[in-house]
Amino acid sequence: MIIEVLKSKIHRAKITQAELNYVGSITIDEDLIEAANIIPNEKVQIVNNNNGARFETYVIKGERGSGTVCLNGATARLAQVGDIVIIMSYASMDMDEARKYEPILIFPDTDNKLIR
Numbered sequence: 001m002i003i004e005v006l007k008s009k010i011h012r013a014k015i016t017q018a019e020l021n022y023v024g025s026i027t028i029d030e031d032l033i034e035a036a037n038i039i040p041n042e043k044v045q046i047v048n049n050n051n052g053a054r055f056e057t058y059v060i061k062g063e064r065g066s067g068t069v070c071l072n073g074a075t076a077r078l079a080q081v082g083d084i085v086i087i088m089s090y091a092s093m094d095m096d097e098a099r100k101y102e103p104i105l106i107f108p109d110t111d112n113k114l115i116r
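The working numbering puts the first residue of the sequence shown at 1, with every later residue one more than the last.
Keep in mind the hints are simulated off the structure, nothing from the lab.
Just so it is clear, CB atoms sit at the ideal spot from N, CA and C, and this is done for glycine as well.
Keep in mind that the hints are not guaranteed to be accurate.
As the list claims (entries may be wrong) - Keeping only pairs whose Cα atoms sit at most 27 Å apart, straight-line, the calculated DSS-like set for lysine-lysine is: (1) 100 x 43; (2) 14 x 100; (3) 14 x 61; (4) 7 x 61; (5) 14 x 43; (6) 113 x 61; (7) 113 x 14; (8) 43 x 7; (9) 43 x 113; (10) 43 x 61; (11) 113 x 7.
Stated by the list, open to error - Have a look at the derived ranges for each label pair, beta carbon to beta carbon: (12) 63 x 2: 32 to 40 Å; (13) 58 x 2: 17 to 25 Å; (14) 64 x 91: 20 to 28 Å; (15) 95 x 19: 39 to 47 Å; (16) 12 x 74: 30 to 38 Å; (17) 5 x 53: 18 to 26 Å; (18) 80 x 100: 35 to 43 Å.
Kindly produce the complete structure, drawing on both the sequences and the hints.
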């Protein structure tokens, strides 16, 4: 049996931009996606802690060290600048592998910088 499990999580990132007139996606600082083992174009689920919205999109690599977390396109309607979100990616694996897997959890500071 194959199940989906949490692969990575960027916990409590702050939305820095919302660009409605864009093709779509979420742009995330390269430092954050690299630390979370998320790659460009990977599907992610986003939960907005401020309004309860849950949605999926794909990742675009943002400028390293910028702290950027920008919702693009239609997803820009689901959060405001300053909202706090959780960004999660998932992986499919068999039950034995899933029982042993430890997700990568990233906790950025209030400026979306890695806490080392």
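Self-check item: Violated hints, by number in ascending order, as checked against the structure
Solution: 2, 16
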